[in-house]
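Each protein sequence line maps, in turn, to chains A and B. The numbers in the working numbering rise by one with no breaks, and the one at position 42 of the first sequence is 69. The numbers in the working numbering rise by one with no breaks, and the one at position 16 of the second sequence is 43.
The set of hints was computed from the structure by calculation and includes no laboratory data. One should not assume that every hint holds.
One copy or any two copies: either way a pair holds, since identical chains are not told apart in the list.
[To be verified] Calculated lysine-lysine pairs in the BS3-like style (CA-CA distance at most 27 angstroms, straight line): (1) K75 - K61; (2) K113 - K97; (3) K55 - K97; (4) K42 - K55; (5) K55 - K75; (6) K55 - K33; (7) K92 - K42.
2 protein chains.
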Amino acid sequence: MEVVMKFMDIHSGAKGITKEMLESEHQKDLNAQKGTDVKFTGAYADPKSGKLFCLSEGPSLEAVKAVHDKAGHEADEWYELPLEVK
Amino acid sequence: MEVVMKFMDIHSGAKGITKEMLESEHQKDLNAQKGTDVKFTGAYADPKSGKLFCLSEGPSLEAVKAVHDKAGHEADEWYELPLEVK
């Protein structure tokens, strides 16, 4: 059975980020995850505070971190999200 | 035209939270939002660090804060999320 863990990472310092910039940066994650079991599933940004929240899935924290770092997105904080309600 | 803004709020100090606790707390938001234009759309939790991330929508920050506070969920941090990629 494949184990899929969910994660959120947080970046600070993205003040003034635009939709185009967010899409472009997310595309870098999509490129970096090719050939891996990692999926960057979405991201939210608050241009006012400069906070950026990225959601990802993968077999381990190390695996998703490696992809994000490769894309040039070293995050300030990482959290595993085993619990979710919708 | 109805304006719908998206928000994320963050709680600290939820170490050891369980799926049942998260569902029960989320239900309090669903109850508190009745009769308002606010929707708490989901939440993620990391029992290890004790971080809890709630997603919501509504006409204003004040409106969603009022519902969350009414449910007994005064958050540590609030962010508006005008930008999103999937």
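Consistency of the hints with the structure:
1. In this homomeric assembly, K75 and K61 never come within 27 angstroms of each other (Cα to Cα): the closest approach is 32 angstroms inside a single copy and 30 angstroms across copies.
2. Taking the shortest Cα distances, K113 and K97 sit within 27 angstroms of each other only across copies (20 angstroms), while inside one copy they are farther apart (31 angstroms).
3. Taking CA atoms no more than 27 angstroms apart as the test, K55 paired with K97 passes inside one copy only; the shortest distance there is 9 angstroms, against 41 angstroms between copies.
4. Proximity of K42 and K55 under a CA criterion of 27 angstroms is satisfied intra-copy only: 19 angstroms inside one chain copy versus 33 angstroms between copies.
5. Only within a single protomer do K55 and K75 lie at most 27 angstroms apart by alpha-carbon distance; the minimum there is 23 angstroms, versus 29 angstroms between protomers.
6. Taking identical chains as interchangeable, the C-alpha atoms of K55 and K33 lie at most 27 angstroms apart whether they share a chain (19 angstroms) or sit on different chains (25 angstroms).
7. Taking the closest pair of Cα atoms, K92 and K42 come within 27 angstroms of each other both inside a single copy (23 angstroms) and across two copies (23 angstroms).
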